[in-house]
Structures are given as C-alpha cells and as structure tokens.
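Chains as they are written, first to last, in my numbering: chain A, -6 to 185; chain B, 12 to 148.
FYI, nobody ran anything at the bench for these hints, they're computed from the structure.
Computed from a predicted model, the values in this text were never measured in an experiment.
Watch out, some of these pointers could steer you wrong.
Taking lysine-lysine and the DSS-like style, the derived pairs with C-alpha atoms no more than 30 Å apart in a straight line are [to be verified]: (1) K73(A) with K45(B); (2) K67(B) with K111(B); (3) K111(B) with K73(A); (4) K45(B) with K72(A); (5) K45(B) with K166(A); (6) K45(B) with K111(B); (7) K125(A) with K67(B); (8) K125(A) with K72(A); (9) K17(A) with K125(A); (10) K166(A) with K72(A); (11) K111(B) with K72(A); (12) K73(A) with K17(A); (13) K122(A) with K40(B); (14) K17(A) with K45(B); (15) K17(A) with K40(B); (16) K17(A) with K111(B); (17) K166(A) with K111(B); (18) K40(B) with K73(A); (19) K40(B) with K72(A); (20) K166(A) with K40(B).
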Amino acid sequence: MISELLINAFLVTIMLSIAIALIKTRTVIFTVILTSAYSLVAALMFITLDAVDVAFTEASVGAGISTILFLAAMAYLPKKEEESISSEFVPALSCIILGGILIWCSYDLPEIGQFTAPIHQHIAPEYIKGSKEDIGIPNIVTSVLASYRGYDTFGETIVVFTAGVAVLALLQKKDPAKKNKSQPKQKIRKNA
Amino acid sequence: MISSTIGIWNYWIVFCLMMIGLFLVIGRKNFLKKIVGLTIFQTSVFLLYITFGKIKGGTPPILNESIDSIYSNPLPHVLILTAIVVGVATTALGLSLVLKINSEYGSIEEDDISAQDLVDYHDDIETGKSVDLKFKQ
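With the hints as extra help, turn the sequences into a complete structure.
Dropping the structure here:
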C-alpha cells in the first residue's frame, strides 16, 4: 500500500515538473523532448492504474509516433519560440479559475478505487463475465475493443483515414499549372 | 481519512495537468506550443479516465483462472485506446496545418500572423480592392 503511494507520488511529481518545464521553455527541441517524456511517464502511471494495454499503446503511439511527427514538423519550423507581446495574465487567471472549479467539483466524484462507484456497476461486469464464453480471449480489453464495441473501433479507423487524407491534401506540393492562380495573392503579401 | 484525501488528491493532480495543457493552448502564441498543449491536455484526460477505472486491489483486466481476482474496469481502457490513436491523428493534422501556415506567412507566431493580416487588410483598403471578397473566403 505504502509502496504504491510512493510510486504514485513519484510519477505525479515528475509529470507536474515536466508540465511546468513545458511552460518555462522557449526552445522547440526541448518542448518536443519534454512532451515525449510526459507521455512516457503517463504510460508508467497507466501501469500503476492497471491499464497495461493503454500503457503500451501510449508508450509506442503517444511517446513514439507523436514525437516522430513533432520532430519531422520541427525541421521546417523556427527553432525558437518568441516572447509574446500581449500579457498572459488573462489566460492564466481563467485557467486557475477553471482548475479551482474542477477541484471544487471533485468532492462529488467517487473515491478512487471504490468498487461501489457507478462506473463499475453499469456494463463492465457483463463484459468481464461474458468475455470468456462470448469471444474466448483472456484479454478483456481486446474482446471489448474488437467485438463488443467493434463499431467504435471502426469509427476510429474512419477518423484516422480522414486525418490521413487531410494531411496529404494539406501537404501537397502546389501544382505548377495552378501557379498563376495563386500569384496575385503572393503579390499583395510582397507589397505588405 | 488519509486514504480518502489521497483518493481525491489524485484527481487534483490530473486537473492541474489539464489546466497546464489548457494554458499552453490559450496562453501561448506559438502554434507548435499550442499543439503540444493539446497533447498534454489529452494525456491528462486519459489519466482521468484510467483513474476512474481503477479498483483497489484489482488486477489488469486479463482473465486468470488460477486466481479468483477482481479486475479493474476494462471499459475506460478501451475508450482511451481509441482516443490515443485518434489523438495522434489530430496531432498530425494540426502539425500539417502549422506547416502550411508557416509556408504561407513565414512565421508560426500568432502575433506576427495577425499583424501581417492587418497590414494586408489596410493595403487592400488603400488600393481600393474589394475587401469583402477576402473575408468571404
């Protein structure tokens, strides 16, 4: 029990310090590396919360592929973040107020780990009971993902496909035949 | 008493992380930093969901016939597995938008871009071009 708490406190401290470092840093490469580290520590946190499938997905997709995407994008972008002209007081204040409201509301949330919480009473027991006979896979997460809630996964693949098509459409090199069309716009910008 | 406070305390940490992510999104003017903030916010929401699914003394939801054990709730895990993949897709889309903006404006700072837009707007008024057309697009 105590060791669990210590591990939890340790990981939570790392996550908070990474998040604060992200606010402080202005260098893009540090930002990317810190984001990757944040995802990795979050994956460790998921293991302590019994979500092993989520942990390895987060470690491979969240900390791996996102970082690759960020690094690839970084190559074409300015390396330094500029200091903002406008004050950051209003956004900070609104975040603090919203956080305060959330913390105030958290007293109504069920205590962590209570078996009597509503989330554990609804449909999850049926999945756990039926998984072995219905699907025959010991991993309940897999059977829910692929069978009980298969349409969700289908929707997910559609979203990923749409995003892929949109990325391709955005990053497409301009067709030389269409160059004439975009020229007036460029001219205005040059005058500016 | 102590354990109950600790139980709630974990939620507080998640809320703090969420607010840091939100601050990066709305407070910072650099677009890459905004997307990083979005990622931080997302991961914190994942943490909140997984925290809901935890049962004290439970094991990961993989059936084990030798031990009669309590399993943590598998449903949030499934939802978050979907969300992680969708999150990467949205990150990729956001990054490609940032790249596009950078190639158009030569900057990814919000202040720079709105200043350029303002200059364009005033130029258009001076040269007598129809401004309406630009905003309709």
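Going down the list of hints, with the structure as the test:
{"no.": "1", "hint": "K73(A) with K45(B)", "verdict": "14 Å, holds"}
{"no.": "2", "hint": "K67(B) with K111(B)", "verdict": "48 Å, violated"}
{"no.": "3", "hint": "K111(B) with K73(A)", "verdict": "18 Å, holds"}
{"no.": "4", "hint": "K45(B) with K72(A)", "verdict": "15 Å, holds"}
{"no.": "5", "hint": "K45(B) with K166(A)", "verdict": "25 Å, holds"}
{"no.": "6", "hint": "K45(B) with K111(B)", "verdict": "16 Å, holds"}
{"no.": "7", "hint": "K125(A) with K67(B)", "verdict": "23 Å, holds"}
{"no.": "8", "hint": "K125(A) with K72(A)", "verdict": "53 Å, violated"}
{"no.": "9", "hint": "K17(A) with K125(A)", "verdict": "50 Å, violated"}
{"no.": "10", "hint": "K166(A) with K72(A)", "verdict": "23 Å, holds"}
{"no.": "11", "hint": "K111(B) with K72(A)", "verdict": "17 Å, holds"}
{"no.": "12", "hint": "K73(A) with K17(A)", "verdict": "13 Å, holds"}
{"no.": "13", "hint": "K122(A) with K40(B)", "verdict": "50 Å, violated"}
{"no.": "14", "hint": "K17(A) with K45(B)", "verdict": "14 Å, holds"}
{"no.": "15", "hint": "K17(A) with K40(B)", "verdict": "14 Å, holds"}
{"no.": "16", "hint": "K17(A) with K111(B)", "verdict": "27 Å, holds"}
{"no.": "17", "hint": "K166(A) with K111(B)", "verdict": "10 Å, holds"}
{"no.": "18", "hint": "K40(B) with K73(A)", "verdict": "12 Å, holds"}
{"no.": "19", "hint": "K40(B) with K72(A)", "verdict": "15 Å, holds"}
{"no.": "20", "hint": "K166(A) with K40(B)", "verdict": "27 Å, holds"}
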